[in-house]
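A.B. asks: One letter stands for each residue in the lines below.
Number of protein chains: 2
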Amino acid sequence: LPLSERKLIERITRLASARSAKLPLIRTGIGDDCAVLRPPPGQELLLTTDFSLEGIHFRREWHPPNLVGHRCLARGLSDIAAMGGKPLAAFLSLGLPTDLPQSWVDGFFTGMLALARQFGVALPGGDLAQSPVQGKYPGRVLADIMVVGAVPVGKAVLRSGARPGDRIYLTGSLGAPAAVVSALYAGGKVSGKDRRLMQPSPRVAVGIFLRQRGLAQAMIDVSDGLSTDLSHICESSRVSAEIVSESLPRGTFGGQPVSLEMALHGGEDYQLLFTARPHARIPRSIAGVPVTEIGRIIRATTKRRMFLIHNGRRQVLPVRGWEHFTRGT
Amino acid sequence: LPLSERKLIERITRLASARSAKLPLIRTGIGDDCAVLRPPPGQELLLTTDFSLEGIHFRREWHPPNLVGHRCLARGLSDIAAMGGKPLAAFLSLGLPTDLPQSWVDGFFTGMLALARQFGVALPGGDLAQSPVQGKYPGRVLADIMVVGAVPVGKAVLRSGARPGDRIYLTGSLGAPAAVVSALYAGGKVSGKDRRLMQPSPRVAVGIFLRQRGLAQAMIDVSDGLSTDLSHICESSRVSAEIVSESLPRGTFGGQPVSLEMALHGGEDYQLLFTARPHARIPRSIAGVPVTEIGRIIRATTKRRMFLIHNGRRQVLPVRGWEHFTRGT
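Read top to bottom, the protein sequences are chains W and G. For what it's worth, the numbering used here labels the leading residue of the first sequence as 584, then goes sequentially. For what it's worth, the numbering used here labels the leading residue of the second sequence as 584, then goes sequentially.
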């Protein structure tokens with residue numbers, strides 16, 4: 584790493600402070616023991632932390648540095664969106680291998696800070712460390728993002744509010760990001776345009792819209808695959824669910840719609856999955872993002888299973904979210 | 584790792600929820616997209632994040648798992664203490680190698696949760712991941728702790744409040760933890776009792792006492808070594824400082840006081856370093872911890888250097904905080 588820790592912190596501070604200074608929320612930025620935040624009155628705070636580990640969540644040979652920085656923050660923003668919250672600030676812990684080019688670090692922050700700017704999020708603190716060396720290996724890029732958001736007191740949309748009879752809705756489409764990763768695993772060529780399918784847009788505006796109008800009863804972001812994340816809603820709400828395969832909006836990769844398998848279990852989508860009462864009027868598009876009804880919540884079965892209606896037949900939908908990056912590394 | 588991620592999360596939730604449930608601050612714990620915190624009225628929030636990376640901040644062969652868990656949280660609590668704040672909640676991101684015994688994970692949480700209980704800190708969320716494999720190496724333990732604290736609005740003790748004429752004070756003694764690490768590096772035997780010198784007690788009660796009485800003008804915790812951390816106060820406050828070597832309280836290791844070198848640059852002490860106006864009455868002991876005057880703040884010199892009065896002669900005190908664990912790994 585060409586820059587010393589001290590110089591790197593100075594550079595990050597310069598990059599980040601332009602935003603932080605504008606936010607009344609932040610009272611002290613990088614350069615003290617803690618950041619000081621003044622919580623907005625009448626609001627509760629949302630906190631979420633997400634790892635982005637090289638070799639687990641991304642690969643340097645597949646993901647350019649600005650995409651890694653973007654995704655690192657997007658993971659946290661998506662969690663805030665899934666509570667119906669507004670993101671306020673992000674804190675980054677970053678472990679860097681000694682042989683990492685400075686240009687990689689700069690690219691990482693360019694991607695992260697562009698997304699932060701888009702959502703008005705400050706970056707008032709964090710931690711820097713050298714990544715541990717292993718034998719001849721110089722270490723991995725290790726990032727951990729903590730995002731703080733706000734929501735009016737008592738209004739956070741939880742996973743536990745789904746009731747039998749609720750309709751299940753999804754923003755955007757599923758499976759394209761996982762299809763890209765799958766192609767990269769298989770050693771296939773992936774165009775630059777298709778690589779951008781791995782760059783999620785956190786659905787913050789949709790989450791806030793649904794929360795403000797009281798439309799979503801239970802909500803989660805789809806990061807581990809629809810089957811896994813829907814199962815979390817079912818467990819928290821003590822219900823079962825039924826998905827109609829024909830209604831699932833599938834993403835497009837390489838000019839083709841992705842397989843049903845990818846849509847059901849793929850992961851990395853960062854779409855919002857939510858339930859609404861049967862009489863609720865859910866717009867077909869919210870903040871420019873299409874919203875599709877994909878199934879319904881049913882009374883809990885004995886084993887609290889999920890079901891898939893496929894070609895007119897009902898079958899058990901297994902929990903089989905994509906264990907991304909863990910197989911081949 | 585004998586337990587699946589799901590089972591591990593269930594176990595952590597059980598361990599942590601007993602505490603979380605008692606705190607009105609925490610509205611939703613582990614098991615949703617975010618934790619929801621209701622900030623105490625009239626308070627600002629303090630946020631800090633600290634890595635604890637195997638091979639950088641600890642070694643599994645030197646540090647038993649409960650000590651690693653204790654230190655991981657203590658790092659964050661110490662940052663809250665250095666602002667005069669009260670810690671409220673901690674969030675843990677934990678990356679685990681696949682070959683890690685479950686007993687190690689249990690020991691880690693035992694150590695962390697015992698310290699959390701001591702300070703009334705909840706553990707309402709976090710993230711779990713597999714640690715990236717490198718070649719034949721199964722990965723390292725990667726922990727990142729984020730601690731949230733509170734302080735009355737506008738009352739956080741910053742690094743920037745020191746003025747020429749201020750006296751410089753220190754809690755406890757310096758150098759013993761670094762002396763232990765140094766002995767372990769050298770391959771020496773270290774008794775179980777001496778190993779406990781590596782288990783810091785965050786000075787939360789001292790920090791709150793000083794803040795409540797308005798005694799501390801600038802404060803920092805000594806984690807990277809006195810010379811490095813004092814230089815942070817000098818830079819933030821735009822002053823210089825003069826330390827009297829004879830007044831430095833040195834810790835004891837192996838029955839001997841540690842060297843001046845260790846006391847000045849050792850690190851890992853997690854004591855509080857603060858300045859107070861010359862007329863301020865600072866007790867010799869606060870919350871059972873000795874407090875010692877070790878020098879004074881002076882007008883900034885041209886290069887904003889620090890000085891050491893040693894054997895009646897004034898010399899430049901270089902910034903040479905211990906770069907712990909990075910040399911031999």
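Because the hints were derived from the structure by calculation, they are not lab data. Please note that a few of the clues may not be correct.
Since the list can't tell identical chains apart, any single copy or any two copies may satisfy a pair.
[As the list claims (entries may be wrong)] Below, simulated EDC-like cross-link-like pairs (lysine to aspartate or glutamate); rule was C-alpha separation at most 20 Å, straight line:
no. : residue 1 : residue 2
1   : 886       : 593
2   : 772       : 876
3   : 776       : 818
4   : 590       : 818
5   : 738       : 682
6   : 590       : 644
7   : 738       : 829
8   : 719       : 876
9   : 886       : 844
10  : 886       : 876
11  : 776       : 593
12  : 772       : 689
13  : 776       : 682
14  : 776       : 644
15  : 590       : 682
16  : 590       : 689
None of these values were measured; they are calculated from a predicted model.
A.B. asks: Within, between, both or neither: how does the pair residue 776, residue 593 come out at a Cα-Cα threshold of 20 Å?
C.D. replies: For residue 776 and residue 593, the Cα distance exceeds 20 Å both inside one copy (34 Å) and across copies (40 Å).
A.B. asks: Regarding residue 719 and residue 876, is the shortest C-alpha distance of 20 Å or less found within a copy, between copies, in both, or in neither?
C.D. replies: neither (52 Å within a copy, 47 Å between copies)
A.B. asks: Since the copies are identical, ignore which copy is meant and state whether residue 590 and residue 818 lie within 20 Å (CA to CA) inside a copy, between copies, both or neither.
C.D. replies: Between copies, since 14 Å is at most 20 Å while 48 Å is not.
A.B. asks: Under a CA distance limit of 20 Å, which applies to residue 776 and residue 682: within one copy, between copies, both, or neither?
C.D. replies: neither (29 Å within a copy, 39 Å between copies)
A.B. asks: Pop the pair residue 886 and residue 844 into one bin, within, between, both or neither, using alpha-carbon distances up to 20 Å.
C.D. replies: neither (23 Å within a copy, 64 Å between copies)
A.B. asks: Indicate which option fits the pair residue 772, residue 876 if close means a Cα-Cα distance not exceeding 20 Å: within, between, both or neither.
C.D. replies: neither (34 Å within a copy, 66 Å between copies)
A.B. asks: Using 20 Å as the alpha-carbon threshold, which applies to residue 886 and residue 593: within, between, both, or neither?
C.D. replies: between (55 Å within a copy, 18 Å between copies)
A.B. asks: With identical chains treated as interchangeable, where does the CA-CA distance between residue 738 and residue 682 reach 20 Å or less: within a copy, between copies, both, or neither?
C.D. replies: Classified as neither; 46 Å inside a copy, 42 Å across copies.
A.B. asks: Are the CA atoms of residue 776 and residue 644 at most 20 Å apart within a copy, between copies, both, or neither?
C.D. replies: within (16 Å within a copy, 47 Å between copies)
A.B. asks: Could you figure out if residue 590 and residue 682 sit no more than 20 Å apart (CA to CA) within one copy, between two copies, both or neither?
C.D. replies: Only inside one copy: residue 590 and residue 682 sit 16 Å apart there, 37 Å across copies, limit 20 Å.
A.B. asks: Within, between, both or neither: how does the pair residue 776, residue 818 come out at a Cα-Cα threshold of 20 Å?
C.D. replies: For residue 776 and residue 818, the Cα distance exceeds 20 Å both inside one copy (37 Å) and across copies (47 Å).
A.B. asks: Please work out whether the CA atoms of residue 886 and residue 876 approach to 20 Å or closer within one copy, between two copies, in both situations, or in neither?
C.D. replies: neither (25 Å within a copy, 66 Å between copies)
Of the numbered hints stated above, those contradicted by the structure are hints 2, 3, 5, 6, 7, 8, 9, 10, 11, 12, 13, listed in ascending order.
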